[in-house]
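Enquirer: As given, the protein sequences belong to chains A and B, one line each in that order. Each step along the first sequence adds one to the number in our numbering, with nothing skipped, and position 101 is 101. Each step along the second sequence adds one to the number in our numbering, with nothing skipped, and position 54 is 54.
There may be inaccurate statements among the hints.
To be verified - Coverage of chain B stretches by chain A, computed from C-beta distances (three or more under 8 Å per stretch; other residues unrestricted):
#, segment
1, 103-117
2, 135-147
3, 262-275
4, 319-330
Keep in mind the hints are simulated off the structure, nothing from the lab. Here a beta-carbon is modelled for each residue, glycine too, at the ideal position from N, C-alpha and C.
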Amino acid sequence: MVSFAEILQYVFSGITIGSIYAMVGLGFTMIYNSTSIINFAQGEFVMLGGLIGVSVVIFLKKSGFGPEIAIPLAFLVAVGATVLVGMLMEKIAIEPTDRLTVFHYGALAVVFYGLARVAGDFSQVVSVIIAAALTAGAYLLLRNRSIRSMRNPSVLQLIIITIALSILLRGIAMFVFGKDPYFMSHFLGEKPVLIFGATMLPQTVLILVVIGIVVALVGLFFGLTLTGKAMQACSFNRSIATLMGINDRWMILLSFALSALVGAVAGYVVTPITLMDYDRGPLLALKGFGAAVLGGLGNGYGAVAAGFILGILEGLGTGLISSGYKDAISLIILLAVLFYRPSGLFGSAEAAKFKEF
Amino acid sequence: MGRGNLVALIVFGIIILVFPLVFTNPYYLRVMNFAGIFAIICIGLSLLLGYAGQISIGQAGFFAIGAYTSGILTAKFGFNVWSGIFIGIGINCVVAVIVGIPTLKLRGHYLAMATLGIGEIIHIVALADMEDFTKLWRSLGEALGYSPSALAAAVQPYAGLTGGPSGFPGIPTLSLGPWEATTPEQWFYITWGVVFVFLVLALNLIHSRIGRALRAIHGNEEAARAMGVNTPPLKVGVFVVSAAMASVAGSLYAHYVKFISPESFSINESIHFVVMVAVGGMMNVWGAVVGTIIMTILPESLRFFHDYDILMYGLVLLLIMMFMPEGVVGLAQRLYASTKSNRSG
Numbered sequence: 001m002v003s004f005a006e007i008l009q010y011v012f013s014g015i016t017i018g019s020i021y022a023m024v025g026l027g028f029t030m031i032y033n034s035t036s037i038i039n040f041a042q043g044e045f046v047m048l049g050g051l052i053g054v055s056v057v058i059f060l061k062k063s064g065f066g067p068e069i070a071i072p073l074a075f076l077v078a079v080g081a082t083v084l085v086g087m088l089m090e091k092i093a094i095e096p097t098d099r100l101t102v103f104h105y106g107a108l109a110v111v112f113y114g115l116a117r118v119a120g121d122f123s124q125v126v127s128v129i130i131a132a133a134l135t136a137g138a139y140l141l142l143r144n145r146s147i148r149s150m151r152n153p154s155v156l157q158l159i160i161i162t163i164a165l166s167i168l169l170r171g172i173a174m175f176v177f178g179k180d181p182y183f184m185s186h187f188l189g190e191k192p193v194l195i196f197g198a199t200m201l202p203q204t205v206l207i208l209v210v211i212g213i214v215v216a217l218v219g220l221f222f223g224l225t226l227t228g229k230a231m232q233a234c235s236f237n238r239s240i241a242t243l244m245g246i247n248d249r250w251m252i253l254l255s256f257a258l259s260a261l262v263g264a265v266a267g268y269v270v271t272p273i274t275l276m277d278y279d280r281g282p283l284l285a286l287k288g289f290g291a292a293v294l295g296g297l298g299n300g301y302g303a304v305a306a307g308f309i310l311g312i313l314e315g316l317g318t319g320l321i322s323s324g325y326k327d328a329i330s331l332i333i334l335l336a337v338l339f340y341r342p343s344g345l346f347g348s349a350e351a352a353k354f355k356e357f
Numbered sequence: 001m002g003r004g005n006l007v008a009l010i011v012f013g014i015i016i017l018v019f020p021l022v023f024t025n026p027y028y029l030r031v032m033n034f035a036g037i038f039a040i041i042c043i044g045l046s047l048l049l050g051y052a053g054q055i056s057i058g059q060a061g062f063f064a065i066g067a068y069t070s071g072i073l074t075a076k077f078g079f080n081v082w083s084g085i086f087i088g089i090g091i092n093c094v095v096a097v098i099v100g101i102p103t104l105k106l107r108g109h110y111l112a113m114a115t116l117g118i119g120e121i122i123h124i125v126a127l128a129d130m131e132d133f134t135k136l137w138r139s140l141g142e143a144l145g146y147s148p149s150a151l152a153a154a155v156q157p158y159a160g161l162t163g164g165p166s167g168f169p170g171i172p173t174l175s176l177g178p179w180e181a182t183t184p185e186q187w188f189y190i191t192w193g194v195v196f197v198f199l200v201l202a203l204n205l206i207h208s209r210i211g212r213a214l215r216a217i218h219g220n221e222e223a224a225r226a227m228g229v230n231t232p233p234l235k236v237g238v239f240v241v242s243a244a245m246a247s248v249a250g251s252l253y254a255h256y257v258k259f260i261s262p263e264s265f266s267i268n269e270s271i272h273f274v275v276m277v278a279v280g281g282m283m284n285v286w287g288a289v290v291g292t293i294i295m296t297i298l299p300e301s302l303r304f305f306h307d308y309d310i311l312m313y314g315l316v317l318l319l320i321m322m323f324m325p326e327g328v329v330g331l332a333q334r335l336y337a338s339t340k341s342n343r344s345g
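Work out the full structure, taking the sequences as your base and the hints as a guide.
Expert: As structure tokens, then:
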């Protein structure tokens, strides 16, 4: 028979993975509420938060800073950079426009520079000149062209765009950080805490605290601030919210920023336990999507709770049945919920009927 | 099926016949053979996605069932290759009916999630090694009150059939009597011959009463029901057809590569199939064929960028989806229609 301490141990390890799923699920929910699309690049935010964080920590430690400065500073840099990536993503690929914007030309310039460096093998200075010339040419050619397909993008088109963005971000991460996984030392040491005979790493406690703070802040933001309420109004009915004077494009941009932030925070705090590499995103996105659906798509607290439930089930499955089938166990439970309660564990069936899918 | 499609089919047939005579390089033929195998899956997926309006991100699962059934039956039990193919189709149809009835009640993102989950479960079953398998049956026995060791011993002969993460080799090639498919040219004619046949079947289906009913479902399911279209069996039917097509593709894949491992059947593959259909154009089965060819040749031609090929692949996909969301075939149709109306008007 399995002892209580053993089961508790599996639950603890499940909580650690569950916290990532919870954060990814929360990120999905925010973007889904503002745009009704599923952002398949959500897992990449976690990956970027982790990888940028580790690299900055390594850099700072090399430059002689102690961990008490390096860890918080790297946290800020990682989260800030990932939020920037999320906002750029929205500006370049998601926002409906008639004409190409400065963001598109900026992205184009970077692409031309990269092509000149990699394919043409030119020096840095020459590549900058080539990229500038080509971008200027593209601007002259395209500035008066209206692009019909970007004005009214369909939901499926947007979903595949996010798939493309996820592949692109993975490619960039591989290019910048390489293929090998990154290690990071635990923030508070590795001396485990004993609870009812099971052990818990200080890092796990830290993860739970950080995630509790994030969820509380997000809740306060939506519940108490005017901007948060405006975002909620947009998710209920975008056209009426716009009529009420809410800038819906700004709200969508904000939802991408927030969901990148949540992902990056999770990525940074879990990296010491799970390690991080460029290819981690898709599976996290799948599980996080599962959490978002299980919690009732669009319900943020539901997604967080469902993320932890999925994680704990996975932890128990790994310990009690077999590690090879652990993902199958959480998926079978997910399917069962979908078939018997399609509105999710915490969603309302009436509300689900009115949702656009 | 309309004059345009008939002409296109004849041209397509001639291209298939001539291609290996012009491009004799075995590398090009190999790339095209894989494109053919994927095109078979994408034709089925395009029926489901573009005509019935039901998204499936689990096609790699059906592809895997076909490949593993053929592979295991022929390599480990000495079955004839053809019986392997047909048993694979049979198993896939049964699985698709069982899975399809509850799944297709779902919609949109929920349907995507459910099919994704099913595809991944099939992938995990293929991935599990002997130890996982024995452990699973042991804990099942414990939970159900059987003697764990007796149950484990009873299922032992079936453990490790899939070969776990590393897969298994030694699958025979396709043969008919004394004749065996060995050269890339022969395989080209086999794969693209199957593509051609399935394309004709799909076009016939679309231009039948069933096809019109499917398009009605895509337009608006409630309205279709109100007009007397019995939607549930139709949706499950198309799901089964797409699973059967994926099964044939899987069997061909197993016999062509002669080696299978789970990594060829992961979620990423399922997503690639959706992407192939979307790039070609979802509103047309021809789009599935064109999209598959483009998305198979593209990564190969990007080898030139060495390690940066994944970056370029993402970039090209992004640009196609941003600037021509109707897909390559849709864009071509629109351009053709606009030149025609310019000429007449």
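Enquirer: Okay, the segment 319-330 of chain B and chain A, do three or more residues pass the C-beta test at under 8 Å?
Expert: Held - the segment 319-330 of chain B has 6 residues with a Cβ nearer than 8 Å to chain A, which meets the minimum of three.
Enquirer: Is the coverage entry for the segment 135-147 of chain B by chain A consistent with the three-residue Cβ rule at 8 Å?
Expert: holds (count 3)
Enquirer: Residue count check for the segment 103-117 of chain B against chain A: does it reach three with CB-CB under 8 Å?
Expert: With 12 residues in contact (Cβ-Cβ under 8 Å with chain A), the coverage given for the segment 103-117 of chain B holds.
Enquirer: Using a Cβ cutoff of 8 Å, are there at least 3 residues of the segment 262-275 of chain B near chain A, or does the coverage claim fail?
Expert: Check passed, 5 qualifying residues.
Going through the hint list in order, the structure satisfies each hint without exception.
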